[in-house]
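S.K.: Going down the list, the sequences are from chains S and V. At the far end of the first sequence sits residue 407, using our numbering, and the numbering has no gaps. At the far end of the second sequence sits residue 147, using our numbering, and the numbering has no gaps.
Mixed in with the good hints there might be a few duds.
25 angstroms max Cα-Cα, derived SDA-like pairs, lysine to any residue [to be verified]:
hint, chain 1, residue 1, chain 2, residue 2
1, V, K125, S, L407
2, S, K144, V, P36
3, S, K21, V, L120
4, S, K21, V, L105
5, S, K401, V, E11
6, S, K21, V, P36
7, V, K18, S, E406
8, V, K18, S, K144
9, V, K18, S, I344
10, V, K125, V, N49
11, V, K125, S, K144
12, S, K21, V, I12
13, V, K18, S, Y356
14, S, K401, V, K18
15, S, K21, V, T102
16, V, K18, S, H62
17, V, K125, S, K158
18, V, K18, S, I341
19, S, K18, V, V122
20, V, K125, S, G20
21, V, K125, S, R398
22, S, K401, V, D15
23, V, K18, S, A34
24, V, K18, S, V324
25, V, K125, S, V377
Partial list, derived from the structure: chain S residues whose beta carbon lies under 7 angstroms from chain V [what the hints assert, rightly or not]:
hint, residue
26, D216
27, H345
28, H347
29, G363
30, V377
31, S378
Treat the hints as calculated values from the structure; they're not laboratory data. The beta carbon of each residue, even a glycine, is placed where N, CA and C say it ideally should be.
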Amino acid sequence: MMMNLSKIRQDFPILQTKVGKNQNINLIYLDNAASSQKPQSVIEAITRYYSESNANVHRGIHTLGERATSLYEEARNKVRRFINAPNTHEIIFTRGTTESINLVASSLCQTFQENDEIIFTEMEHHSNIVPWFIAAQTHRLKLKVWHVEDDGQLDLEKLKSLLSPRTKLLCVTWMSNVLGTINPIKEIIRLAHDHGTLVLVDGAQGVPHLATDVVDMAVDFLAFSSHKMCGPMGIGVLYGKEHLLESMPPYQGGGEMIKHVRLDGFEPNTLPYKFEAGTPNVEGAVGLSAAIDYISQIGMQTIHQHDSELVNKTLQGLEELPEVRILGPKTNRGGLVAFSINNIHAHDVAAYLDRYGVAVRAGHHCAHPLAQRFGIVSSVRASYYFYNSTDEVEELLRLVKKAICEL
Amino acid sequence: MSDQFNELFQEILRDHFKHPRYRAVLNPNLPLFENPSCGDQVRLQVKLNENIIENFSFDGSGCSISMASADMLCEILTGKTVEQAFQIIDEFLKIMRGELETSLLQKYGDLEALAGVAQLPVRVKCATLAWNGAKRVLELSLESQNG
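With the rest of the complex left out, here is chain V (with noise of 0.2 angstroms):
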């Protein structure tokens, strides 16, 4: 594997993860998104105007791929819309599970970084992880702008 750990450790991840742009200390009571099987643990917080992200933030402890990947999220989703969200969420998810190229990474910039994980399947529970969350921040931000 460590053919694709070189990849995995190229700087832009490396940069993310000791620099992140995105981290901020998040309300406790904030839903926490974990995988039990490594204790990685994300919040993450996102600020709609209307149908447009504001802003999406992360707070969280875990191995660089998992906190490299919540900022990058937070890059990459912050100006979309909710619906691009979605969509771009849930093509991240496809790519990682092996459902769709990893070529397809190539679009979201910084996140093409995270290609060679789709290869390792112990490491993309880490790098979903954020991205799983997220879907369902943004559920909940809907139920309750509905609600």
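For reference, chain S alone in the conformation it holds in the complex (with noise of 0.2 angstroms):
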């Protein structure tokens, strides 16, 4: 399916926004790494939310409260649909991607013996990291760092020699939010499975742009969050197999999470809600549920070839210029190109940028291990999705060269 841009552009509001000193320079937003736009649709679905159907979820016995209650397991249905989830309770409702992943820490962790082995790869964000840590320090288990090759890649044969009867679980991004690189996440997945390893993955980034399909992927759990996916910040999601999550104890305690309650102890609930302590996030679940209503119409293979033409036309112009070292592998990566200028500190060529209405990360990007892995301090990220145009990535280039020039 083609395209068209225009129209996309004005589904959203913020991208007819004038910045800069006099308030007439068209925004050129290429930060969507760390957090996409909303479309209207999105933006009036919240609206809607509270004023026809805000109220409590799964307690009120009155219109309001069946009203929110429905849109809330609404979109779980529609979260299940959109990662082709087998069953509703498997999909988990979470604060985002962070929150996700500190749920399988802090919960499956505890399943584990001693001296079971954690594997998570140099190329993770540091919530797929830190998490770990703090599991490993409770729970006395062994961590094992997976290393990135010099082409911003992952060898698989590298994870044959870490895999060991006592490796518990592997946690690694579908696609990095530094290098760009898209992981060959079923063959990565298969081989751990090989060995008996359960396979967390991170899909921060790779949910929002690569079609999903979590059975095809077999993956364990999945995390993604929904704001950059064009849904509202606070809400994520925490797929995980039926059996696994049945076997995992209780997260947080509180409303919701349990069946009953006495004063010497508590029952917990049923999936999913034995997750999903005290009131949730209806808002951003209805935000999320129109989010992928709105990217499913445009289509997630229209996306991801709308990424790679950009990102392209970003390599290529950046290859040109012998002061730019781009991270990250010539292929297999998604819509997002980090770099560095010799000579010019990255917070500088951003600010230099923002001058003109572009913005772009400029920094570390959350995986310190990663920047120095591959000897930078920071850099500077443009990310695009969807609504972006090769017109805003010429403008980048444009910019980039002034910089050099002018800084």
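Using the hints, put the two standalone chains together into the complex.
M.R.: Right under this line is the structure:
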């Protein structure tokens, strides 16, 4: 399907915003790997929820309580279909990818034995590293690191040598938020499963940009966030295989997650509620549901093709500049490019670009070990989504050249 | 933010960044102060003569704001007494936290160029890196003098 870019851009009110000193520069938003913008349909769905249906869920026996509950559960079912999960109760709503990973680290690791092993890769975001440090400390587990190759990719042979009978879990990102690498996730999962190891996939960057099928991937746990896929902040998803979620102890205690409470104990609720203590983010679920409708109608294949077109154009342009060092592989990459410029600090580049209305990320992108691995302090990252245009890429390239001359 | 940006990139900042007066190659064993979020790093050395700061110098890497700020810090604190230095550092940090008016920077010459940064929460930590470091370095020198 071909995209009608100008029509799509009109669906996003923020893309019409003017920025700059005189409020007359068009915004060029290239920080989508940090957070995406929201279409009018998502904004309206949230407003409509508060105007027509707001009440607590699974509690009030009244019209609004029923409306809110059915919207919340419809959203769960929408997510299930979007990632092709077999069961709706395998979809746990969380605050985001970070909480989804922390949930698994805190709950699943209680079922591990001392000296059991967890592997994570060197290209993980801090949110897929630090929870494992904490769990390892608490439960006396061993952590192993799967290092990244010079070309920004993972070598499956290295994984083979890391997997042992004690390896209980492998934690790997689908798509790197710095290198842009799209990992061969099916092969990785198959290899881990051959060794009896479970796999948790960080889908924060992958799910918004690639067609997701958890059955085809055979993934055990998949974590992702709403706000990087046109939905609101503050809500995300943990998908987990039913038998695994069943075997795991509750994460947080509170309302909703219990079946019975006595003064000497409690009985946890069934899935998915066992992992959803407290009043949930219904507004977030409603917004995420509208976001899934929006991006599904564009099509995940189309989104990926569009990403590739913009990234290839960016890579071609940057490769011509001898002062620029591009991070990550030449192929197998998603919609982002991180780069550094000789003798110019990334913050200065980002501040310069901002002057011309271009929003990019500068820093280490929450991946200190990776920055150390490639010997760079910080980099500039342009990250795209389906509403970005080739004209915007050209403007970025023009400004990067200008920055090299002027800074 | 681009109106503030213009202020930020006044020639003064650019000049201190490109042509620092107080940058020196310092002993790598001196304490290193870092902004983990952006990777900026600075080392500082103070030479005291009794209670007077004979010289402040810095070494490090980072964005133009963090390095220009370090250079200006050294310029301003050189020749001051330790008490004056603590007072100036505290005042500067309060201005950057928004607890005092930026107009107070006027009395410190070039430092006024950082007034715009106080309005940019993301960049405040760049401007304050060397100042937090200098406070610590002065405390350590006093401890070693007294110890």
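S.K.: So, for every hint listed, does it hold in this structure?
M.R.: Results for each hint:
1. V:K125 with S:L407: holds (21 angstroms)
2. S:K144 with V:P36: holds (24 angstroms)
3. S:K21 with V:L120: holds (15 angstroms)
4. S:K21 with V:L105: holds (24 angstroms)
5. S:K401 with V:E11: Distance of about 21 angstroms is within 25 angstroms: holds.
6. S:K21 with V:P36: violated (30 angstroms)
7. V:K18 with S:E406: holds (12 angstroms)
8. V:K18 with S:K144: Violated. K18 of chain V to K144 of chain S sits at ~43 angstroms, over the 25 angstroms cutoff.
9. V:K18 with S:I344: Within the cut-off at roughly 11 angstroms; holds.
10. V:K125 with V:N49: violated (30 angstroms)
11. V:K125 with S:K144: Roughly 34 angstroms separates the two Cα atoms, so the pair is violated.
12. S:K21 with V:I12: Holds - the C-alpha atoms of I12 of chain V and K21 of chain S are around 21 angstroms apart, at most 25 angstroms.
13. V:K18 with S:Y356: Roughly 23 angstroms between the alpha carbons, so the hint for K18 of chain V and Y356 of chain S holds.
14. S:K401 with V:K18: holds (20 angstroms)
15. S:K21 with V:T102: Measuring from Cα to Cα gives roughly 20 angstroms; hence the hint holds.
16. V:K18 with S:H62: violated (68 angstroms)
17. V:K125 with S:K158: The given pair, whose Cα atoms are some 40 angstroms apart, is violated under the 25 angstroms limit.
18. V:K18 with S:I341: holds (16 angstroms)
19. S:K18 with V:V122: holds (21 angstroms)
20. V:K125 with S:G20: holds (23 angstroms)
21. V:K125 with S:R398: Distance of about 30 angstroms is beyond 25 angstroms: violated.
22. S:K401 with V:D15: With a Cα-Cα distance of about 22 angstroms, the restraint between K401 of chain S and D15 of chain V holds, given a limit of 25 angstroms.
23. V:K18 with S:A34: Violated. K18 of chain V to A34 of chain S sits at ~31 angstroms, over the 25 angstroms cutoff.
24. V:K18 with S:V324: Given pair K18 of chain V, V324 of chain S holds - Cα atoms ~20 angstroms apart, limit 25 angstroms.
25. V:K125 with S:V377: Answer holds: K125 of chain V to V377 of chain S is near 16 angstroms, not above 25 angstroms.
26. D216: violated (38 angstroms)
27. H345: holds (4 angstroms)
28. H347: holds (4 angstroms)
29. G363: Holds. Min distance 5 angstroms.
30. V377: holds (3 angstroms)
31. S378: holds (5 angstroms)
When the structure is compared with the earlier hints, violations turn up for hints 6, 8, 10, 11, 16, 17, 21, 23, 26 and for no others.
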